[in-house]
Amino acid sequence: MSERDRQLGPYPEDEHPEMLRRFGPHLAYRQELPPEEAMEAERLVDTHCCFCGQQCGIQLRVRGERVVGFEPRYDFPFNAGKLCPKGIKRYLQNGHPDRLLHAYRRDRSAPSGFRELPYQEAIARVAQEIERIQREHGPDAFAVLSGASLTTEKTYLLGKFARMCLRTANIDYNGRLCMVSAAAGNKKAFGVDRAANPWSDILAAEVVWIAGANVAECAPITTDYVWQARENGGRVIVVDPRLTPIARTCDLFLPIKPGRDVALFNGILHIMIEKDWLDHDFIARHTSGFEQAAANVVEWTPRRTAEVTGIAERAIRQAAEWWGTARTSFLTHARGIEHHSHGVQNVLGAINIVLASGRIGRPGCGYATITGQGNGQGGREHGQKCDQLPGGRDIENEKHRAEVAAIWGIQPGELPRAGVDIYEIFRLVDKGAVRGLLSLCVNPVVSLPDNNFIRRMLDKLEFFACIDFFLSETARFAHIVLPGSLHEEDEGTVTQIEGRVLKINKAVACPGEAREDWRIIQDIAGALGRARGFTFASPREIFDELRAASRGTAYDYSGITYEKIDAQKGVFWPCPSHDPDGNPTDHPGTERLFEPGSWNPIARGSGPFYFPDGKARFHPARYSPPAEEVDGEYPIILTTGRVVSQFLSGNQTRRIGPLVDHDPEPRVEIHPTLAGSLGISDGDWVRVRSRRGECVLRSRVVRTIRPDTVFVPYHWGGRKSANQLTVSAQDPISKIPEYKVCAVRVERAAGPPVELGAREGKG
Amino acid sequence: MASVPSEYEFFIDPGRCIGCQACVQACSECDSHKGQSMIQLDVIDRALSTQTAPVVCMHCESPTCADVCPADAIKRTPDGVVQTARKARCIACNNCVLACPFGVPKMNTRVSLMMKCDLCYDRTSVGRRPMCASVCPSGALHYGRRDEIERLRPASQPVSEFQFGRQTIRTKVNMMVPARAPRAIDVLSGLAGTVVSHELTDSVFAGDLEKNLFVATPGGSDPADRNGG
Chain X
10 MSERDRQLGP YPEDEHPEML RRFGPHLAYR QELPPEEAME AERLVDTHCC FCGQQCGIQL
70 RVRGERVVGF EPRYDFPFNA GKLCPKGIKR YLQNGHPDRL LHAYRRDRSA PSGFRELPYQ
130 EAIARVAQEI ERIQREHGPD AFAVLSGASL TTEKTYLLGK FARMCLRTAN IDYNGRLCMV
190 SAAAGNKKAF GVDRAANPWS DILAAEVVWI AGANVAECAP ITTDYVWQAR ENGGRVIVVD
250 PRLTPIARTC DLFLPIKPGR DVALFNGILH IMIEKDWLDH DFIARHTSGF EQAAANVVEW
310 TPRRTAEVTG IAERAIRQAA EWWGTARTSF LTHARGIEHH SHGVQNVLGA INIVLASGRI
370 GRPGCGYATI TGQGNGQGGR EHGQKCDQLP GGRDIENEKH RAEVAAIWGI QPGELPRAGV
430 DIYEIFRLVD KGAVRGLLSL CVNPVVSLPD NNFIRRMLDK LEFFACIDFF LSETARFAHI
490 VLPGSLHEED EGTVTQIEGR VLKINKAVAC PGEAREDWRI IQDIAGALGR ARGFTFASPR
550 EIFDELRAAS RGTAYDYSGI TYEKIDAQKG VFWPCPSHDP DGNPTDHPGT ERLFEPGSWN
610 PIARGSGPFY FPDGKARFHP ARYSPPAEEV DGEYPIILTT GRVVSQFLSG NQTRRIGPLV
670 DHDPEPRVEI HPTLAGSLGI SDGDWVRVRS RRGECVLRSR VVRTIRPDTV FVPYHWGGRK
730 SANQLTVSAQ DPISKIPEYK VCAVRVERAA GPPVELGARE GKG
Chain U
7 MASVPSEYEF FIDPGRCIGC QACVQACSEC DSHKGQSMIQ LDVIDRALST QTAPVVCMHC
67 ESPTCADVCP ADAIKRTPDG VVQTARKARC IACNNCVLAC PFGVPKMNTR VSLMMKCDLC
127 YDRTSVGRRP MCASVCPSGA LHYGRRDEIE RLRPASQPVS EFQFGRQTIR TKVNMMVPAR
187 APRAIDVLSG LAGTVVSHEL TDSVFAGDLE KNLFVATPGG SDPADRNGG
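Quick mapping for you: the protein sequence lines, in order, are chains X and U.
In terms of our numbering, the first sequence is residues 10 to 772.
In terms of our numbering, the second sequence is residues 7 to 235.
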């Protein structure tokens, strides 16, 4: 290990090259399946994709206890058979040679760095270490990290496990890296956090405004909705620093400088006010705070907006005119405006132009964030966030604490207070306040910003237990690895992009000693001698407790059953079991929020929004520049994002051959003007360096990106990881990291990094 | 014998293609050509644009591939589907590969057999939809009735006549073009024009508004005309 690597933190696979040979990532191809398995499937299982927030319906072809293929699921209304390449090839994760079939303990004397041990011994060891660390350093010294690809049942159980069994305040999840700016902005403006509209409302929109969303690659099925709106006569406005596939054929492209979104929204509101393109009646009857928001945008003249955003003034005026004069519209945004140290302000700025237009809560009039993770919506509702209890409750609200304590059969005083966010948990490791960690469904070594710090912190932990189905880059640091379940090996619910609660069906049993994640959690609780509250026999039983726990809250699932989901092909929450007078009711679910005259448990009839007065809130959306501006030393903006063939940290998709073949490695997208000035040609190896780290990757010289910005996708680990470069600055409200802007310098490299290939080749 | 119902047609709308390769990946899931895709996804010029286009067999009325086959290995079934070469007859001479004006047939040298898109005959001949058009997330590939596509794409029209020099080719598969475009596509004249405009993408990031607005390609303001760079 070099001195530099020691400073940056170790790579366990360097010390144990056998680790990669044993645990991969290896590439699975269909041709490698035994021939008999390619024969006609014995059964088809209706379920959903295991990847993004759209949660497309899919049928899995199953033979015995193995998933052998897929079939389009035409009858599911959201996607009607459509799928992106990830969904089509996801079946290759099943029966994968890298699949963890046993529990493992880290053993430096073992060639692969790990040795198998019996599952029950592994559970006992985890319980011993939790008990020891909490006894010596207090309950908060043991933290839990979780994820938003889990079913809502599992996220509920994990929140309960952390608070009631471990009594630690420190649980947080990878939705912190994804949807939290949108969630915080929505709660501040609407009092509730969910897509306001079903996607079918996009079809009737005269203007579709897409801000910071690479729709074609990150939510491919949504492309069809957007383009169908245009076929119906609508116009599409795309705001992005890159000319993405959806931007290629849009009607107006606003090539914004990364980190300046709030300036654009403020500039649009400024013009709407100037031209009186406002819905005065809606603003007066259904909102508050307009005057303060209006005062805040006085300075955002078209000229200043153009100067700050880098967008031509006339383009800004054109966008404002189309938006201001439309009769119907749909505004949607994603991580492009949310992954900022002022991500919540960006979201509030977007919501301001929606509220000023009055176009929400009606057919063809909508607003939504494009949820990133599979259960990004459900996973942020029921208690795995550090400050939240089930039903979207606030852990610092005494009434909420009492309600949840009653459901769990404990005293409110036994509930911990708010913990800290996922990044802060690692800062607490640095300070010695957190000594132990249990993680499930999260790969922070790849996914957190400035991740050299994360590797050092994982290495520093006294004890780290990781539940996973493959040995992720993060799991390589674990002292104990517990074999969890793949998506197709368990059942439960997820809530997709539109707020539709769906049923994930089990297709096959867990192989080997692997078992369903919720059973593992309960086994740990049992081994700690604290099984009370953790004796569920099925996901359905967990769901029933979750339904009861959500009853009467804004996030009301009480009227949703597995049977109703099957019958209706999804149920939009809120779906209460009882009407406002307390009588049982058979509620169909709520497709569209904020409809005129609609009832919700917060406003109780005084208006459609989820505040006591029923009114939505304008907020002055304050502009601030990114945490790290470019300078002479680091003169180029780096922005990060996804490619269509890979998903999140790649722990699944980097093991699927045909997807890896589509994008074998991350490439640095760079404009020819910038490339020319640096002497870089297409395909050259280039070194991208920030104040935190560097990586050497091949260039892709394209005219589809701003000349002041380079782009690197973040799905890869090790020395190819884009998050070695990114900055750990966070939004003060949502705590989302600023993945979308940091300062780098770029230079031509002599050749590939020596490590490349040895580290993660075809293995 | 099973055949493809005449009311179902295949429509390609390359302007909608997002390059995701869902069609390619789904095609390779077909049991008759396991692990191998019969679809070519063309990247037009990535340095200039994200534009891509899927190429499937057009299923010609008078297939050139069959015309030039010395072994009579390529058959067009009465429902208009041009089948992949029959293994017993194909001599792997490559004539079809060279002659097809759309560049569709591929020679599988491992088994010495020409293979091409057969419109997922195992699916479509029993009333199911082909894999690629089932999964295509953006509607660049669509399989359905003509009245359906007319309702879904009011600004476009399906065209199934192609002029290659003096050769006129009529196809079973339709290409979606702007509603006011000619009823036949003159392929050679298209080759002379610019596929992707440099100036357009350059001006976008230079803040040049006139070209920054993606509204004005010559020929009209129909949505299907507004294909930018």
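Just so you know, these hints were derived from the structure itself, not from any lab.
Keep in mind it's a predicted model, so treat the numbers as computed, not measured.
One or more hints might be untrue.
[Said to hold, decoys possible] Listed next, with one range per pair, are the computed distances between beta-carbon atoms:
| hint | chain 1 | residue 1 | chain 2 | residue 2 | range |
| --- | --- | --- | --- | --- | --- |
| 1 | X | 561 | U | 50 | 37 to 47 Å |
| 2 | X | 576 | U | 41 | 36 to 46 Å |
| 3 | X | 685 | U | 109 | 28 to 38 Å |
| 4 | U | 50 | X | 330 | 41 to 51 Å |
| 5 | X | 24 | U | 117 | 38 to 48 Å |
| 6 | U | 41 | X | 687 | 34 to 44 Å |
| 7 | X | 691 | U | 172 | 37 to 47 Å |
| 8 | U | 186 | X | 642 | 32 to 42 Å |
[Claimed, not checked] Pulled from the structure, derived: some chain X residues nowhere near chain U, Cβ distances all over 12 Å:
| hint | residue |
| --- | --- |
| 9 | 82 |
| 10 | 146 |
| 11 | 305 |
| 12 | 538 |
| 13 | 599 |
| 14 | 691 |
Cβ coordinates follow ideal geometry from the N, Cα and C atoms, glycine included.
For each hint, the structure was consulted:
Take residue 561/X and residue 50/U: their Cβ atoms lie about 55 Å apart, and the range 37 to 47 Å is violated. Between residue 576/X and residue 41/U the CB atoms are about 38 Å apart, so this pair conforms to the stated range of 36 to 46 Å. In this structure the hint that residue 685/X and residue 109/U lie 28 to 38 Å apart at CB holds, the actual value being about 34 Å. Checking the proposed 41 to 51 Å range against residue 50/U and residue 330/X shows it is violated: the Cβ atoms sit about 32 Å from each other.
At roughly 46 Å, the beta-carbon separation of residue 24/X and residue 117/U lies within the given 38 to 48 Å, and the hint holds. The beta-carbon spacing between residue 41/U and residue 687/X, approximately 41 Å, falls within the hinted interval of 34 to 44 Å. Look at residue 691/X against residue 172/U: about 39 Å separates their beta carbons, and that is inside 37 to 47 Å. For residue 186/U paired with residue 642/X, a C-beta distance near 55 Å fails the hint of 32 to 42 Å.
With a least beta-carbon separation of about 10 Å from chain U, residue 82/X fails to lie farther than 12 Å from that chain, contradicting its non-interface assignment. Every CB of chain U is more than 12 Å from the CB of residue 146/X (nearest about 49 Å), matching its label as outside the interface. The claim that residue 305/X lies off the interface holds: its Cβ sits roughly 25 Å from the closest Cβ of chain U, which is beyond the 12 Å cut-off. At the 12 Å boundary, the C-beta of residue 538/X stays outside the reach of chain U, the nearest C-beta of that chain being 49 Å off.
Its beta-carbon lying about 27 Å from the closest one in chain U, residue 599/X satisfies the requirement of being farther than 12 Å from that chain. For residue 691/X, the shortest C-beta to C-beta distance to chain U comes to about 7 Å, within the 12 Å cut-off, and the non-interface label is violated.
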